[in-house]
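Engineer: Here's the letter readout for the chains.
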Amino acid sequence: METDEEDVSRVVPFQLQFDKPVASQIKIAEWNPEKDLLAMVTEDSKILLHRFNWQRLWTISPGRCITSLCWRPDGKAIAIGLQDGTISLHDVENGKLLRSMKSHTVAVVCLNWEDDAGEEVSDGNFVPKYEDRTSRFFPPAPRAPRMPGLVPGETGFMDESENLSQELSNSSHQRFNILCSADKDGIISFSIFGIFPIGKIDIHDFSVCCPLANQQVDCKLLNASICKVVLSKDLCHLTVLCSGELQVPEHNLHGFHCLTLDTSIFYKRRNELHQVALQASNIEDLAEVFRASLSVMSKQWSDAMHTFHDKFDSLSSLIHDHGLDSTPQEEFLSLIGGARTSPAVHQFLVNSLGEVGLKRISKLVCGAGKELEVIVLEHLQPAAEMIGFRIGELRGLSKWRSRYQGIGLDETLISNATEKASMLLIQVQRFMRVLSSSVQQYLYDQDPVRRLLESTEVDNSIEVDLETMERVQELAHFGGFTDFDYLRRTLAKEFQQMESCFKEAFQMPFITISKKILCQNLLPLFPIESISKSASCTVPTSISYYKEEMHSKQHSFVDYISFILPDEPSSQLANCIVVMRCLMNNDLEAVLLCLPDGYHCIDLSLYKECQLVLLLNGPSSENVEKACMTIVQADDLPFASIPSSEASSPWKLHELQDSIVYLQMDSLKVRGIPHSVIAPLAVSASRGVACVFATRKRALVYILDEDEDEISDAD
Amino acid sequence: MASIVKGQSGFAMTPHKVSICILLQVYAPSGQLSVPFPFDSISQHNRLALFLIALTKVHFLRYLNSLYHDDYPAALENLNRYFDYSAGMEGSDFVPPLSCINNGRYEIALLTLGMTHFHFGHPKLALKVLTEAVRVCQMHSDDTCLAYTLTAICNLLSEVGISNITGIMGASDSHVSTSLSVQQQLFVLLRRSLKRADSLKLKRLVASSHLALAKFDLKHVQRPLLSFGPKASVQLRTCPTNVCKKIRLSSQLIHQYDNESSVVTVDGALSTSWLKNQRKPTTTLVFPPESGPESNCDAFYSWLQSSSVPGSVLQLVGSSYLVSATSWELYGSASLAQSNALLFANCYADSSSSADLALAYGKLIQHLAVYKGYKEAFVALKIAEAKFLSVSKSGILPVKLQLLHERALHRGHLKLAQQICDELGVLASSVTGVDMEIKTEASLRQARTLLAANQFSEAASVAHSLFCKCYKFNMHVENATVLLLIAEIHKRSGNGVLGIPYALASLSFCESFNLYLLRGAATLTLAELWLLLGPRHAKRALNLIHSAFPIILGQGGLELQSRAHIAEAKCYLSDSSISVSEDPDIVLDSLRQACEGLEALEYHEMAAEAYYLMAIVLDKAGQMEQREEAAARFKQHITALENPIKPEDPLVNLL
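Chains as they are written, first to last, in full-length UniProt numbering: chain A, 1 to 715; chain B, 1 to 655.
Hints may be right or wrong, so weigh each one.
Said to hold, decoys possible - Computed spacing ranges between beta-carbons, pair by pair:
hint, chain 1, residue 1, chain 2, residue 2, range
1, A, H309, B, N242, 43 to 49 Å
2, B, N242, A, K35, 32 to 38 Å
3, B, E511, A, D44, 56 to 62 Å
4, A, L518, B, N242, 48 to 54 Å
5, B, L498, A, S402, 31 to 37 Å
6, B, E437, A, S402, 37 to 43 Å
7, B, V221, A, K363, 44 to 50 Å
8, A, S659, B, K620, 52 to 58 Å
Stated by the list, open to error - Only pairs whose alpha carbons sit at most 27 Å apart, straight line, appear in this in silico BS3-like list of lysine-lysine:
hint, chain 1, residue 1, chain 2, residue 2
9, B, K539, A, K370
10, B, K203, B, K219
11, B, K219, A, K268
Treat the hints as calculated values from the structure; they're not laboratory data.
Each residue gets a CB set at the ideal place from its N, CA and C atoms; glycine is no exception.
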């Protein structure tokens, strides 16, 4: 350990930026890809966002156990995966929840969000730039109205930053990106912009042709549990590391596997998918606004009417008790009209209400009507109109069959949805008219507004008179709706129908794309015998794709997969790290790195330019420094190619036993760490920093890249 | 009848007035149950004036006569007499009592006179009178009348193309610099009348001003009024968001109207607004049968129709949706254009004027013809003709002529097409003044007919003169169409090099006016022109077509779609890097789609072309059976084109 001390005295690599205590133990930490922000998840499932200078920006706790976290490629949002299978997006500015989707049923163990960096890989084909015309024709989209009775501060939704966060969740300005999420049960979901679900696969469904004992065997994975998924930078491949049993006759291949899925559909159809997702996710946003408006209106109106009926319901019994020969409606009108009423009713008026009270009630009802009108004019109608426009755009795309049928945009389904959107526009209009009339002459017994807002009623709840029906039927000849019953439906019902139409239409791309994600390769890596399944999930892994120049012009991505080989009692491979890389021609190479005695690898992370950052505990205890961090240049390692067939053992890594590389700590840049450390290790490739966490609840940030002085200057 | 009389409280009934009411009822469009009596919007005012003039011709002529002889008192007397019939002047409620009655009436009389002139097709004269009305209004500080007059002038300026009004307007209105173009003056006027109406709280006028501004924004680039200095680099584009905002503002009238007369605001008169609404239909409601909720349902619609929102408000709100439909036609969103027209026909059919309704139905019919084919369109047209039998046949007639012309062109009946063109030309300059829109339409169609007859130089000269006219009247949207037509003429005559600049010019017009659909068409023409220059431009042409495909396929009609498909197929065929025999489906798919559309349109010439191409591709792919089929269809269309069957169309005879 002399060398280590010498090293320290000579030149200390990886300058320590600071060493700060943390409140509780950190289990996940990720650097923002664009800014100097570090998102961390604590053991008690809080999310902390810190700046590089350790200034805390915000803390939120979603209330459920957080199992994974990743950043949106533009660094403006965080996706977190929860124990119950929900994925939620949070605004980087304030941690506010932007979206929440339940795309899984069990814990989301891994999230990976990649954007389309493959633009450099242009094949000379001109790609027409698609413009979303909506912002040119419409003012900004309406937002959901606030619920009455809520104090602005209460929800956190009403502050002025709302504009900003809406822009964030809006997909119009984003590059094409895909969020893929994997859960414990081996299901992987894909969504564009993290919003629009575009595919779902179960890795158990893939049947792989596996070379085994000199013969090809079809095999499937059983009880697989995913450890890590990473999408390549050009979106063409998905690497999945999982543990599970490979169902092969006469073998028990329970162990750790590496799957490569072909997701090139995302790359090939990225323009089409981008456009569809852009329109569809915006439509869903607008539908959300519509639904929120409906519920707010329904609440406001029912509150008002409730007050009204509280006061006036006793009127009818009063009339009955006094044996008057009139209806409540009649009496009510004469009451309001100030006509002479019977003594009993007059008594009622004076006692229970008084002139002032009567006025107050009518003011209440009118006020509610006004509020409703404002909501219709400012939220409901613009939303319906924009939905109509956007679905019209989608219909246009769906008619381009040669391009869009391939991604499942179905012309008839979209046309149905267009018609529904058009009906909704008419329904909104009708509602507006009913509302504006009923505010002025609200009726004692009837409440047409409420009836239009209700969706629970049976079909044909609204009678349509003959004249209107005739007109509707006549309009069918003019290209109107052939579904004559639409006027019988309530506004809420119509909205429900439209939504289900949209759902059906958007389900098609989802199914189509899911079918086009195929398994390319499956590699059984190493067996797991003693370790229970849950433990095997925690194998520290890191996957990264590096751009490699293949020919004069073409770039391609080489994926490096590195993981710590768990200590197996039966295996001779103790204290080893595996680095694998997959070349363009699908040739697989790997190298086993054996750590010196006394060192124990805690976590590892691939850094830029094929460098591998290792976080090690050790060496022995007599030293002041209990841990260290080092960088290995991965592409300089002597990779040995893994033979694809004629293997004696099904486990690929057993082939490499002869070519173990022993890591020489002296020849590497090593930074000693005065505390013993735990996972995770958070490395930021763009900023050149690494954050490690000590067992004694401390966070240490090191600067990996000595050249980048401006980062320390900036603080 | 009785309901009308009862409904109008506030002025004494005379037998004379009742008879006018009866006549009004006769003249009123069938859908309109209660004629809005005191005119409360400009458009109603116009129509009412027209009705009244029709029935009090004598008064009117006498009044005109005296007016022309500068006998103002006599004119005024006559006009006042005529005014007695029209009874109400909503706008003049606020006339200060100190100005003598004669003065108060004088400007209103002038306003009416101006609008009458306008109706009878003398826009210059009308403008003169209205300018005078502005002067008188200012003199008497009658703001309300001024607001109405300004709106009337705006209406006039926006509807009638006047190339030069500097001499008239500039004289009276010192604020409007004479150097400004008509459009700019119109814009200034619109803004001013909006402001005035806003400050006077004339809500209907505000809404209609918003609508007029939306119409203006639709077709005009917002140019800075003073175009010098560092701010001169303002983007020269139309602002569709402004149009959208203004249309929304004007449709908010329905809400503002409630404010005006709701129970809350009219504080003391709590009961009156209730009682006012207890007219005929509510009788069924006041005493609802005791049979439970079912019977309440019956009342739902009748109750809605009896809504207390006045007809004029609904009419204005409804027409905002029509403007919206027009805007979407221009901007290129077929679905929204159709749904707005449908919305109007569904919700505002009974409260709008029959001219508006005819316009909406006309739009729907045209939509059908363009997107579904002629068969369905003519069925719909027949129904519409029966529906709008007497009152406003003019609303449907141009649509019918357009359809007939289009079909004649497609079928190759060029003589008939020419005939219909002439009819349309006659329609353009009827008694009620020159309708610039139809006039341009007529000459555009004439040029297209000539083009179809391969008379290129004649077609070009018609198109050229049309371009000059559009330029003179600042009709930029039409300019883009005409430029595209010239490009088409060059394309058909095989002169690609000459056509390209016209197509590009049309493209840039479309860009700045946000005319996406037309831009798609122009891009397609440009691609076809490139393709004309030789197969080495096939790639460029294909890229152009593909860039326009989402718009063309989504928003364009059958003809445009089919043209794009054929052009795409041609690009593939002439592109040497693509082997059609290996992958015939990329070409065949688009050709099949083209054929579907062209069959529906009975567009023989292009259908023949599509089948011809199809037969070639199938031949290369070795699918002989299908090739024979395509060849047979090709032959069929060619014979149909060469020997047009005598048009035995009952609709033609109706002309």
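Engineer: A separate judgement is required for each hint: does it hold in the structure or not?
Structural biologist: Results of checking the hints against the structure:
Distance hint for A:H309 and B:N242: a CB-CB separation of about 45 Å, consistent with the stated range 43 to 49 Å. One distance hint, 32 to 38 Å for the beta-carbon pair B:N242 and A:K35, holds here, with the actual separation near 37 Å. Hint check: B:E511 to A:D44, Cβ distance near 57 Å, so the stated range 56 to 62 Å holds. In this structure the supplied range 48 to 54 Å holds for A:L518 paired with B:N242, their Cβ-Cβ distance being about 50 Å.
Remark: the range hint 31 to 37 Å for B:L498 to A:S402 is upheld by a beta-carbon distance near 33 Å. Judged by the Cβ atoms, the range 37 to 43 Å given for B:E437 and A:S402 holds: they are separated by roughly 38 Å. Look at B:V221 against A:K363: about 48 Å separates their beta carbons, and that is inside 44 to 50 Å. Our hint of 52 to 58 Å for A:S659 and B:K620 holds, since their Cβ atoms are close to 57 Å apart.
Pair hint B:K539 plus A:K370 does not hold up; C-alpha atoms about 58 Å apart against a cutoff of 27 Å. Of the supplied pair hints, the one linking B:K203 and B:K219 holds, its CA atoms being roughly 25 Å apart against a limit of 27 Å. Between B:K219 and A:K268, the direct Cα distance comes to roughly 40 Å. Violation of the 27 Å bound is thereby established for this hinted pair.
Violated hints for the displayed structure, listed by number in ascending order: 9, 11.
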